[in-house]
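Trainee: Can you build the whole structure from these sequences, using the hints too?
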Amino acid sequence: MEQKSQPDAPLVEAIDVGIARPRSNQLIVSHVNWKVGAGEFWVVGGGQGAGKTSFLCTVAGLWRPAAGVVRHFGEDLAELSEQKLLRLRTRVGFVFKGGGRMLADLTVAESVALPLYYHLDWTDEQAGERVKVILQATELEWAADSKAQDAGWGCQQRIGLARALALNPEVLFLDEPLSGLDAHDRNWWRKFLETLWQGTPLTEGHKMTLVAVTNDFGLWSGGKHRRGLLRGGRWEEIGEREEIAEIV
Amino acid sequence: MSTVMLESVSGTEAAETQAVSLHRTFLRKAGHAFIRAKDDLHGMSAFLIITLSVALAKIHKAKKVIQPLIRGQIQRAGINLMPMITFLALALGLVVIGQTVFLLHNYGAESYAGTVMASVVVRELGPLMAAMLVLARVGAANVVELGTARALGEVEALEALGIDPVHYLVVPRVIGMALAIFSLTVYLIMLALFSGYLFAFIEGVPLQPGEYFRQLAAALLWQDFVLVALKTVCFGVLIAIVTCYEGLAAPLRLEEVSRATTSAVGKCIVGVVLLDAAFIVLYFVI
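Chains A and B supply the protein sequences, listed in that same order.
The numbers in our numbering rise by one with no breaks, and the one at position 131 of the first sequence is 131.
The numbers in our numbering rise by one with no breaks, and the one at position 95 of the second sequence is 1095.
It should be emphasised that the hints constitute simulated quantities derived from the structure, not laboratory data.
Be careful, since some hints might not be right.
[Claimed, not checked] Simulated crosslink set (PhoX-like; lysine-lysine; CA at most 20 angstroms straight-line):
{"#": "1", "chain 1": "B", "residue 1": "Lys1058", "chain 2": "A", "residue 2": "Lys84"}
{"#": "2", "chain 1": "A", "residue 1": "Lys35", "chain 2": "A", "residue 2": "Lys207"}
{"#": "3", "chain 1": "A", "residue 1": "Lys84", "chain 2": "B", "residue 2": "Lys1061"}
[Unchecked claim] Just the calculated beta-carbon pair ranges, DEER-fashion:
{"#": "4", "chain 1": "A", "residue 1": "Gln149", "chain 2": "B", "residue 2": "Gly1072", "range": "54 to 60 angstroms"}
{"#": "5", "chain 1": "B", "residue 1": "Gly1210", "chain 2": "A", "residue 2": "Gly128", "range": "55 to 61 angstroms"}
{"#": "6", "chain 1": "B", "residue 1": "Met1084", "chain 2": "A", "residue 2": "Glu125", "range": "50 to 56 angstroms"}
{"#": "7", "chain 1": "B", "residue 1": "Thr1025", "chain 2": "A", "residue 2": "Gly218", "range": "58 to 64 angstroms"}
[Claimed, not checked] The following residues of chain B were derived to be distant from chain A, with all beta-carbon distances above 12 angstroms:
{"#": "8", "residue": "Asp1039"}
{"#": "9", "residue": "Asp1040"}
{"#": "10", "residue": "Ser1045"}
{"#": "11", "residue": "Val1065"}
{"#": "12", "residue": "Leu1069"}
{"#": "13", "residue": "Met1084"}
{"#": "14", "residue": "Asn1106"}
{"#": "15", "residue": "Gly1108"}
{"#": "16", "residue": "Ser1111"}
{"#": "17", "residue": "Leu1152"}
{"#": "18", "residue": "Ile1202"}
{"#": "19", "residue": "Leu1227"}
Model, not experiment: these values are computed from the prediction.
A virtual CB, placed ideally from N, CA and C, is assigned to each residue, including glycine.
Mentor: Written out as structure tokens, the structure is:
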């Protein structure tokens, strides 16, 4: 879990990026120019069908952009071999929306331990210790030995968060983490993300860079995050006070 | 020209036009099928090369994760199929000997039963039956599992964790299925040869065990052992590659998984038969 980012260099950079869904050539967002610096917390909003998930998957490097360049830690993702790309992804975490896309045949503890075994070749003792710490922090100890699918819907995304944190990534992308949750869980998520952003023992003290997309800025009110907006196929940065009611 | 003649001429022209149209439709369909087959072959060859290169490049990587997956595949495609393969082996021995004894009896040559068993069971039916069983029980399930995983985004989740989906999902299946089909074939052949003798004994064929096994040993050459091993490993690799390719290579929707499964099973059967034919040629060459 070695951290290699330069303090002032953008961790994620999109240069004139065009975004399309897989199996489609039709651009849903175009001309995205955006930099995410170390320690920033971005919330990107957009209405239904604005292309939030596509945007997030593309800037996170999971999907290839239809146009333009996406850089992570200064490296152009399009120029990296598949193996280098996979290695770079260990420095980036991603929490999928709606169930977290958990692997069906693994328990919660195994899901969290998987990247530790795969990338770091840790012993059972080392991995077990890290998994315990993460499950404690995410309040999922009770589910450690259950299959992720057997946990409640609200928990699955939290399991996805636990899994994404296993390698202590420098940047964490979250796809609508607050959607569909009750007030208690929303509060928990907001507080937890705030602590990641501030730096905790879980992140070995470093301030995690966070990028979340949402269809409701109201869920994120009061935070000190920077805000972006996807509207009419365009990306723009907006200020804290700009009203977003018109887009949701 | 009379009306009857005109109608007759126009009827002939219509029939000719229809024949030409049918001919063109057939050619178009055949052309499309050929292009699809060529594209599939190209895609699967590339997938095979990628899989082999990943398996070699990452032979020492993540053993703690990959080795249990390989063991799981051997369990699934090998050990779990042993009851079924036992049944098939017993039936195969009985059927082959039953038919052979009946035929050889007409020529007074029942004592060649062992030689026939070696040729039929060891070289052809044993490997083919093991491969078909693994295809039916595990290959089809592979497509469903991988297609569903792809449709539900689990493959993307692996990529997000920096885990190579080919390394995690395909390599264990290829190794597991190759080893499983090889082992099942050896088991099936031995059991079929034994059950064949049992049936011959019950039918009263004047064949001593020593003579039966001497015939078997005489009929088998060193090439048989090498080629059976090679053939079964190739069957395993082929079934694993085709089923994984159909499940993973193209993004699927859930409703497309069943179509991909039937398509994969059909391609595997054609591939296994063609590969078997290639090995028959190889038998004659070496």
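Trainee: Confirm or reject each hint.
Mentor: Comparing the hints with the structure gives:
With a C-alpha separation of about 13 angstroms, the suggested pair Lys1058(B) and Lys84(A) falls inside the 20 angstroms cut-off, and the hint holds. With a C-alpha separation of about 17 angstroms, the suggested pairing of Lys35(A) with Lys207(A) holds against the 20 angstroms cut-off. Between Lys84(A) and Lys1061(B) the CA atoms are separated by roughly 15 angstroms; this keeps the pair inside 20 angstroms, and the hint holds. Between Gln149(A) and Gly1072(B), the C-beta spacing of about 19 angstroms breaks the proposed range 54 to 60 angstroms.
In this structure the hint that Gly1210(B) and Gly128(A) lie 55 to 61 angstroms apart at CB holds, the actual value being about 59 angstroms. Taken as a hint, the range 50 to 56 angstroms is violated for the pair Met1084(B) and Glu125(A), whose Cβ atoms sit roughly 41 angstroms apart. Look at Thr1025(B) against Gly218(A): about 60 angstroms separates their beta carbons, and that is inside 58 to 64 angstroms. Its beta-carbon lying about 17 angstroms from the closest one in chain A, Asp1039(B) satisfies the requirement of being farther than 12 angstroms from that chain.
No Cβ of chain A comes within 12 angstroms of the Cβ of Asp1040(B); the nearest lies about 18 angstroms off, and the non-interface call holds. Taking the minimum C-beta to C-beta distance to chain A, about 18 angstroms, the non-interface status of Ser1045(B) holds against the 12 angstroms cut. Once the 12 angstroms rule is applied to beta carbons, Val1065(B) is inconsistent with being away from chain A; the minimum gap is 5 angstroms. Its beta-carbon lying about 10 angstroms from the closest one in chain A, Leu1069(B) breaks the requirement of being farther than 12 angstroms from that chain.
A cut-off of 12 angstroms between C-beta atoms confirms that Met1084(B) is not in contact with chain A; the least separation is 23 angstroms. No Cβ of chain A approaches the Cβ of Asn1106(B) within 12 angstroms, the least distance being about 56 angstroms, so the stated non-interface status holds. With 12 angstroms as the threshold on Cβ separation, the claim that Gly1108(B) sits away from chain A holds: the shortest Cβ distance comes to roughly 59 angstroms. Residue placement check: Ser1111(B) keeps its beta carbon more than 12 angstroms from all beta carbons of chain A (closest about 53 angstroms).
With a least beta-carbon separation of about 7 angstroms from chain A, Leu1152(B) fails to lie farther than 12 angstroms from that chain, contradicting its non-interface assignment. Against chain A, the non-interface label of Ile1202(B) holds: every CB pair exceeds 12 angstroms, the least being about 46 angstroms. With a cut of 12 angstroms on Cβ distances, Leu1227(B) stays outside the contact zone with chain A, its closest approach being about 36 angstroms.
Checked against the numbered hints given earlier, this structure breaks hints 4, 6, 11, 12, 17; the rest are met.
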